[in-house]
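**Student:** What follows is the residue order along each chain.
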Amino acid sequence: MPRTPIEPRFKIEYLSILDSEGSLDTALEPDIPPGDLKRLYRAMVLGRRLDERMVRLQRQGRIGTFAPIKGQEAAQIGSVFALRRTDWMVPSFRETAAMLWRGWPIEKLLCLFAGRLEGGQPAPDQHDLPITIPVATQLPHAVGLAYAAQYRGDDVVVMAYCGDGATSEGDFHEALNFAGVWHVPVVFVVQNNQWAISIPLKKQTHSATLAQKALGYGFPGIQVDGNDLLAVYAASREAVARARHGEGPTLIECVTYRLGVHTTADDPTRYRSDEEVKAWERKDPLPRARAYLEKKNLLDDGLEEQVDAEIARAVERFETMADADPLTIFDHVFAERPAHLEAQRAELRERLGADPPRRVDEERPLPTPMRGQRKTSRWAN
Amino acid sequence: MPRTPIEPRFKIEYLSILDSEGSLDTALEPDIPPGDLKRLYRAMVLGRRLDERMVRLQRQGRIGTFAPIKGQEAAQIGSVFALRRTDWMVPSFRETAAMLWRGWPIEKLLCLFAGRLEGGQPAPDQHDLPITIPVATQLPHAVGLAYAAQYRGDDVVVMAYCGDGATSEGDFHEALNFAGVWHVPVVFVVQNNQWAISIPLKKQTHSATLAQKALGYGFPGIQVDGNDLLAVYAASREAVARARHGEGPTLIECVTYRLGVHTTADDPTRYRSDEEVKAWERKDPLPRARAYLEKKNLLDDGLEEQVDAEIARAVERFETMADADPLTIFDHVFAERPAHLEAQRAELRERLGADPPRRVDEERPLPTPMRGQRKTSRWAN
Amino acid sequence: MGKLNMVKALNLALLQEMERDDGVVIIGEDVGVDGGVFRVTEDLHRQFGGTRVIDSPLAEAAIIGTAVGMALYGLKPICEIQFSGFAFQCFHQIENHAARYRARSQGRFHCQMVLRMPYGGGVRALEHHTESEEQFYAHIPGLKMVIPSGPRTARALLASAIRDPDPVIFFESKALYHAAKEEVPDEIETMPIGRARIDREGRDLTLIAYGAMLRVAREAAEVLREEDGVEVEVIDLLTVSPLDRETISASVQKTGRAVVVHEASRNFGPGAEIAASIMEGAFLSLEAPVRRVTAYDVPFVGFAREWVHIPDAARVVSAARDTLAY
Amino acid sequence: MGKLNMVKALNLALLQEMERDDGVVIIGEDVGVDGGVFRVTEDLHRQFGGTRVIDSPLAEAAIIGTAVGMALYGLKPICEIQFSGFAFQCFHQIENHAARYRARSQGRFHCQMVLRMPYGGGVRALEHHTESEEQFYAHIPGLKMVIPSGPRTARALLASAIRDPDPVIFFESKALYHAAKEEVPDEIETMPIGRARIDREGRDLTLIAYGAMLRVAREAAEVLREEDGVEVEVIDLLTVSPLDRETISASVQKTGRAVVVHEASRNFGPGAEIAASIMEGAFLSLEAPVRRVTAYDVPFVGFAREWVHIPDAARVVSAARDTLAY
Ligand SMILES: Cc1ncc(C[n+]2csc(CCOP(=O)(O)OP(=O)(O)O)c2C)c(N)n1
Ligand SMILES: Cc1ncc(C[n+]2csc(CCOP(=O)(O)OP(=O)(O)O)c2C)c(N)n1
Ligand SMILES: [Mg+2]
Ligand SMILES: [Mg+2]
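Keeping their order, the protein sequence lines are chains A, B, C and D.
Here the first sequence is numbered in the numbering used here, starting from 62 and rising by one per residue.
Here the second sequence is numbered in the numbering used here, starting from 62 and rising by one per residue.
Here the third sequence is numbered in the numbering used here, starting from 49 and rising by one per residue.
Here the fourth sequence is numbered in the numbering used here, starting from 49 and rising by one per residue.
Keep in mind that the hints were calculated from the coordinates and are not lab data.
The structure presented is a predicted model; accordingly, all values stated were derived computationally and were not measured.
Even glycine gets a Cβ: it sits at the ideal position worked out from N, Cα and C.
Hints are not guaranteed to be accurate.
[Said to hold, decoys possible] Computed list of lysine-lysine pairs in DSS-like fashion (alpha-carbon distance at most 25 angstroms, straight line): (1) Lys357(B) with Lys99(B); (2) Lys72(A) with Lys263(B); (3) Lys302(D) with Lys51(D); (4) Lys357(B) with Lys263(B); (5) Lys263(A) with Lys357(A); (6) Lys72(A) with Lys356(B); (7) Lys263(B) with Lys72(B); (8) Lys263(A) with Lys99(A); (9) Lys263(A) with Lys72(B).
[Said to hold, decoys possible] If we take Cβ atoms under 8 angstroms as the criterion, some of the chain A residues that face chain B in the derived model are: (10) Pro66; (11) Ile67; (12) Tyr75; (13) Arg146; (14) His234; (15) Lys264; (16) Asp392.
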């Protein structure tokens, strides 16, 4: 049946600059100063090495459940690099590399994943939200921050992260719709790592791309090779500039892959094939960035060792950090403690007096892990 | 910056067959048997006349808050006509005309709007859900019904209604996404009547059409002239046929207008201009359908009177209907009444014994209306 | 001083707090041009413009979620949820975030925000327009839950809620919006959150109520005085959580008997906590079990049967007589 | 008969009910190929295929909302919410619809569905993975709220919940999943919903617990017997709502003293209803106020401090001693 097409028609574009074969589209190559390139690559390496260390710490029971980022370093570092320090960064729960870039100390993150409240506290001058566990719920916060910044006339852009699975949640939709209507300076970075735990993208949505979801909100969406540091950065830089100049939100879909476990409680061999993982290992963002720097003669010797030493120092600081007094659980419920919390605090103080606080890890039996937590193969090799 | 467009590109189409000037695209004209055309037009008239009557009943305090459909008759009747009786219909709260078409007795609807539980009960053989008040929450139910029908191998299509405002809710998004992934036989009919209470479409979403929201879910969306009975029917028929043949969901955006109040508690003069309303009155679906039937010599004399008489009889039945025993509030909480409800029922029985049940409307003062409820101008003329 | 109904009194609080502090913004469905479906935000859009009085799209989770973001940035959003029956749509944003940001960030952030919602019966509308959901909020650590009982307390408590550095759920009884007018001072008035008020003194029995049920309790107290010669102490809770256990206990230590009245359903409802805390705080004075007069444990009854469902004075009187006769 | 842990016991109930009734379907995040993050649905996808064991997209409201639609059509969906902390995302579908369809349609439709969720502490994971939210569901009319305390009750109650014509919220303690094995009969076993169980008889004090707290209560009872020579009656609630007031009252009429233990926070929590109903049902027998041993009223503590937050036997013993000494 013939019908009238509505104009303008829609298109979604794909951006790739440095592909997995190492070929570079020099016309599109962003001009990144050498010093920055070194910092970026170092941040990717730090993300990767810390990840590995954290998985070991988890296996040793020194921290709890943790979501590794292996494979997503370019998506995170390429995007977060487009922000200024005064801009805001709103993470989900798998942005360790981006959070480190934003200035979170390693030991604070370790502390968080060790189940200690202190780990969630951003520094007073840090424009970062702490990690958010309930999937997609952080996206409306990002829109609210952007609205508030615009309301105050501040020169601020907000970058918010989420995964492919998160795009199915109602909060994703509502946040993007509000962003479109309000025309606020926010950039949504979807790290499409192909999996939401065991759910592959094709069971997540029947949409051909995630970028095209922006069409329903009236702002641009773009798909980029998320393992290509240059493409991610180029798209992010443009989106951040647009946002800063009052041209509204952008959705960036970074096509990437989670090379490791979903979390340390997950066993991906149950739901995906080794071949699939191997195929994506060939697109690993790290060697690709490394080769690029190598060509430019920007690779520093001993980078890995340096990074490892930095991590080791941080782990040391983490391990020697005094446990906060358990009574602090009552400190930040309200601005002022009401009577019932005062009473509960007194009760706890008395309990602790009778039987003083001990490090839980030392003296209490380890609770039951989620199954699969210990039998994961991927991280063994 | 040059990028690769992703193929295929997207387009959204607009369908109009019989426009407000009366010009007819005969190439697209659906072939509707004369008897059906008469029934369709009668249903539209019934919708319109009952609407007017219900607003009067509300003003007289004989029913409570009610959402008139004036202006949306074609969108409702054109779509619901595409269903078989064995198909399922999932209404929002503004589908009186479509509900009547599906066989809800007028007096039952009146009963519902009079705040009596009995009004919500569909007949045993009726494949209709009762109206849903929380906006968009019925859409996942429709998807679940369609899934269950498919699971059982039943030849069933589900048609679900919602408004333009509903497209902002998380449940809209989640329902459409599930429908896309599951590829179930469901048709979403969005009655875009331009307003969600006082919020105009441009404050609701920055998307140019609502139809294009389907692009994010990987199934077709189409925009139709919602005041054009023929266009609505043609698009619905096609969508229902696609659904029936296993080709998955469709989103139909009916571009229409709420000519009356949002509900009897609303005063639209506060937020929209008379000119806007007048402009849409010229696109009123009723005269347009009437002219079409007239040309085909299908207009019955005295139709309005017949319809009014039918309404009058139903109102009479409604008004003489015995109030259900107040104790019935305990009847359908669980399949079996647990002890605490047994006790509460006994308490109420005792109270009522001491002071037997009275018709609330007669003996209790009318509660405070929502403001605006009585000062609406639109329905006065 | 002017005599205002509750709608106007609330409107006055909003107006004055917005004049005082340009960080205060309003967000919700139809709160702008339309002035809110109950007209509580009337005229504010005209005075402060659409960027401060924000007509949002129809999405409760994003209303609260974006307001959380605004609060994290330092604004003081006041959210209107059109009816409390539609707040479950944003319950995750309330429980997961508004109530937790202070703890999660160990004080670096907090959510100074108010969530206003009309609750309870009285408007002859369909399902989800008569419920009374305070219990759900009262159980969430990190939230305050306030329910004023008339124009003056509404105005003063709303001003306090707006200034409160913590998230406050603010329930407004639909039945009270236009029910009565009260003298409300022109100058700004606040009232401490977390403190109950002795509405009427008495020595024989304590009636605990809030919101629209205060009227019912007062009426019952009057009947009991006239017909039974019983002096009832009526407590107007005003803040449901944190509960003012001290005021309640002190009263029941004196009277020895208590009846709680609320519109919420009974099972695992707010009356349970009040009764339990009376037991904890006045056990040795209790002459009879604390009785609860509440809506029944049914999902909804249709507005035509609200009158059997929502407590009235006769039910309270009868519960009080049982308690006195125990 | 085999010795099964709670995960395997639940899995057995699912398997057998699915074999019995082809209307039973499972839906949730990762319930299919992965077998559920706790492996409760292990192997069912392989046996019954992806249309009966549905790996859904990541959207809780649609999981429950589509399951409501399936139930209206006559299927019997079992929904898994991955962690109870993420169920607020679908709270509106539960409260607005699952709990109400029977009433709304006056019996024409109903929602025979089970909402399974892991709850409570014990997995060393971040925020929203240790909470205990039974109170929210217990307060909703039209819902049943069940919490088994071990493999055998878990298996039998899950089978009953699946067959129950009304929506059942089924909480599974994460701490119990692998905690212990119990003999579980091969043949199908069910257990009445709404009935508490006397886990241990005693005459001096009644301890009321459920889920993972049953172990804590048992441990405390043992200490009290050994150290104080006190005979404690332990009630395993199993169904939180509808509450088995009769069993509780009968016990407290005998013992005169009661302590309630739960992982939920205290304020307006489930212990309040239990305490209030004891007061109503056993007032004249009560020798001391009912005490509540609960988590504190703080949003979350981090898993490293769960041990101070979640009740342990020492706290219960101390509360029991206070109650006995009252
Ligand atoms: C609302 C909510 N539901 C469920 C979960 C459990 N969960 C944690 S991560 C995850 C998958 C997320 O997938 P995706 O968004 O693709 O992010 P990724 O893990 O791949 O980075 C799920 C289901 C959660 N954290 N929040
Ligand atoms: C979840 C929810 N939020 C708010 C409301 C109050 N409300 C009733 S109708 C309506 C506007 C609906 O607009 P639209 O979807 O365009 O449908 P229309 O009324 O135009 O038919 C609102 C906000 C509601 N019923 N449900
Ligand atoms: Mg993913
Ligand atoms: Mg509309």
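**Student:** Now tell me, hint by hint, if it's right for this structure.
**Tutor:** Quick rundown of the hints versus the structure:
1. Lys357(B) with Lys99(B): The hint holds at about 10 angstroms.
2. Lys72(A) with Lys263(B): 22 angstroms, holds
3. Lys302(D) with Lys51(D): Violated, at roughly 35 angstroms.
4. Lys357(B) with Lys263(B): 39 angstroms, violated
5. Lys263(A) with Lys357(A): 39 angstroms, violated
6. Lys72(A) with Lys356(B): Since the Cα atoms of Lys72(A) and Lys356(B) sit roughly 43 angstroms apart, the hinted pair is violated (cutoff 25 angstroms).
7. Lys263(B) with Lys72(B): 21 angstroms, holds
8. Lys263(A) with Lys99(A): This hinted pair is violated, its Cα atoms lying about 37 angstroms apart.
9. Lys263(A) with Lys72(B): 22 angstroms, holds
10. Pro66: 5 angstroms, holds
11. Ile67: Since the shortest Cβ distance to chain B is 5 angstroms, the answer is holds.
12. Tyr75: Interface hint status for Tyr75(A): holds (5 angstroms vs cutoff 8 angstroms).
13. Arg146: 26 angstroms, violated
14. His234: At about 3 angstroms, which falls below the 8 angstroms cut-off, the nearest Cβ of chain B leaves the hint on His234(A) intact, so it holds.
15. Lys264: Since the shortest Cβ distance to chain B is 6 angstroms, the answer is holds.
16. Asp392: 34 angstroms, violated
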